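Q: Residue numbers (the numbering used here), protein chains in the order written: chain C, 161 to 372; chain E, 14 to 143.
Be aware that a few hints might be false.
Straight-line alpha carbon distances no greater than 30 Å define the calculated DSS-like cross-link-like pairs of lysine-lysine that follow [what the hints assert, rightly or not]:
#, chain 1, residue 1, chain 2, residue 2
1, E, 128, C, 338
2, C, 262, E, 43
3, E, 71, C, 272
4, C, 279, C, 269
5, C, 235, C, 262
Derived by calculation from the structure, the hints in this document are not laboratory data. Here the structure is a predicted model, which is why all the values come from computation and not from measurement.
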Amino acid sequence: MIDSIKGWFNSFLNMFFKTKGDIKLGLYGPPNSGKTTLANKICKDWLGQEMGSISNVAHETREIQIKEQISMKSKDGKKELFFNLVDTPGIATKIDYEDFLKFGMSERKAKKRAKEATKGVIDAIKWLDDMDAVLVVLDSTQDPYSQVNITIIGNLAARNIPVLIVGNKSDLKRSNIKKVQAAFPQYEVMGISAKYGRNVKKMYEKLFKLVG
Amino acid sequence: MVTLQFIPYTEIEALSSVGRIRKLLNIAKKNKIVLLQGRLSKDEETELIKTTMEEINKEFRGIELAVIDPSQSETLEGFAKVKNDFFSLFLGNRSGFTVIGPASVVKSIKKNPDKIELLTMNKRRRSKKK
Numbered sequence: 161m162i163d164s165i166k167g168w169f170n171s172f173l174n175m176f177f178k179t180k181g182d183i184k185l186g187l188y189g190p191p192n193s194g195k196t197t198l199a200n201k202i203c204k205d206w207l208g209q210e211m212g213s214i215s216n217v218a219h220e221t222r223e224i225q226i227k228e229q230i231s232m233k234s235k236d237g238k239k240e241l242f243f244n245l246v247d248t249p250g251i252a253t254k255i256d257y258e259d260f261l262k263f264g265m266s267e268r269k270a271k272k273r274a275k276e277a278t279k280g281v282i283d284a285i286k287w288l289d290d291m292d293a294v295l296v297v298l299d300s301t302q303d304p305y306s307q308v309n310i311t312i313i314g315n316l317a318a319r320n321i322p323v324l325i326v327g328n329k330s331d332l333k334r335s336n337i338k339k340v341q342a343a344f345p346q347y348e349v350m351g352i353s354a355k356y357g358r359n360v361k362k363m364y365e366k367l368f369k370l371v372g
Numbered sequence: 014m015v016t017l018q019f020i021p022y023t024e025i026e027a028l029s030s031v032g033r034i035r036k037l038l039n040i041a042k043k044n045k046i047v048l049l050q051g052r053l054s055k056d057e058e059t060e061l062i063k064t065t066m067e068e069i070n071k072e073f074r075g076i077e078l079a080v081i082d083p084s085q086s087e088t089l090e091g092f093a094k095v096k097n098d099f100f101s102l103f104l105g106n107r108s109g110f111t112v113i114g115p116a117s118v119v120k121s122i123k124k125n126p127d128k129i130e131l132l133t134m135n136k137r138r139r140s141k142k143k
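Okay, chain C solo, but in the shape it has when bound:
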């Protein structure tokens, strides 16, 4: 109840004190769901440059990354959307440095990565309050019922932050967009492949509806 009141109050203040150029669009989701791949695709499409490095090893993004003043045009070219894109580290409930050792990392490097990753999760959570809209990026080949997904989305709803859920990696055989849709029936869920750009243009149109 208090969360909802807080959310409505923040939205009310934003109506008066924020210009469209100030919109912060966050990319949230569990580790390795393809947030940075999607951030790179968005930045390449609209700025002509990539945002961050990607890897098969989880927790590659361990710091908040921001690309400011991205200008996106609607399909018909009549509308324009200015926003700052915030790529966040994957939110997890556990981080074990031994998991990184399996990828041939030295123990020292693995421990360092684990330490940075824990800080990254804390920062991502702290930034939740600053977002104006969020793209929740889920790996559509994985179980969508994970509590981390539910907690992130529940928190965004409590803060009244507009959310679009994308089931990424739709190019893979194991992808199951219907399962993601079934897990979050009250939200709009669309399948995309950030890597190959599948459905990304449709996602841009949805973004216009979400924050435009």
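Start from chain C and add chain E according to the hints.
A: Then chain E, alone, in the frame of chain C:
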């Protein structure tokens, strides 16, 4: 051996959010699986993740978390939902339950809307690695 510790909602009811998180995390850090009656608020769940991250070290690798809450089910509609929301407002969220397992004991929790599966760690294999 896996130890499950049941925490009735009355045990956390009077505690502050920080107190609740502290209590639950302290149990998990003793390598016990917490079975909490009811659930934490959304903010408390996020705070639990944040605090867990702050406390990760060589011994404590984090938690596995799952909430089963029938009151959030899509099938609960109309008067039943209003009744549930009304009681939750005054009595706290006692419906359903929350499972918090230390990552060193619980490998993963698979959750379908009405079923929960705990996959525990093979201790022998893990200790061999050390």
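Q: Next step is simple, just say for each hint if it's right about the structure.
A: Results of checking the hints against the structure:
Restraint check for residue 128(E) and residue 338(C): the C-alpha separation of about 19 Å stays at or below 30 Å, so the hint holds. Restraint check for residue 262(C) and residue 43(E): the C-alpha separation of about 27 Å stays at or below 30 Å, so the hint holds. About 12 Å separates the Cα atoms of residue 71(E) and residue 272(C), which keeps this hinted pair within 30 Å; it holds. Taken as a hint, the residue 279(C) and residue 269(C) pair is honoured in the structure, with Cα atoms around 16 Å apart against an allowance of 30 Å.
Note on residue 235(C) and residue 262(C): the hinted pairing is violated, with a Cα-Cα distance of about 45 Å set against a maximum of 30 Å.
When each numbered hint is compared with the structure, a violation occurs for hint 5 only.
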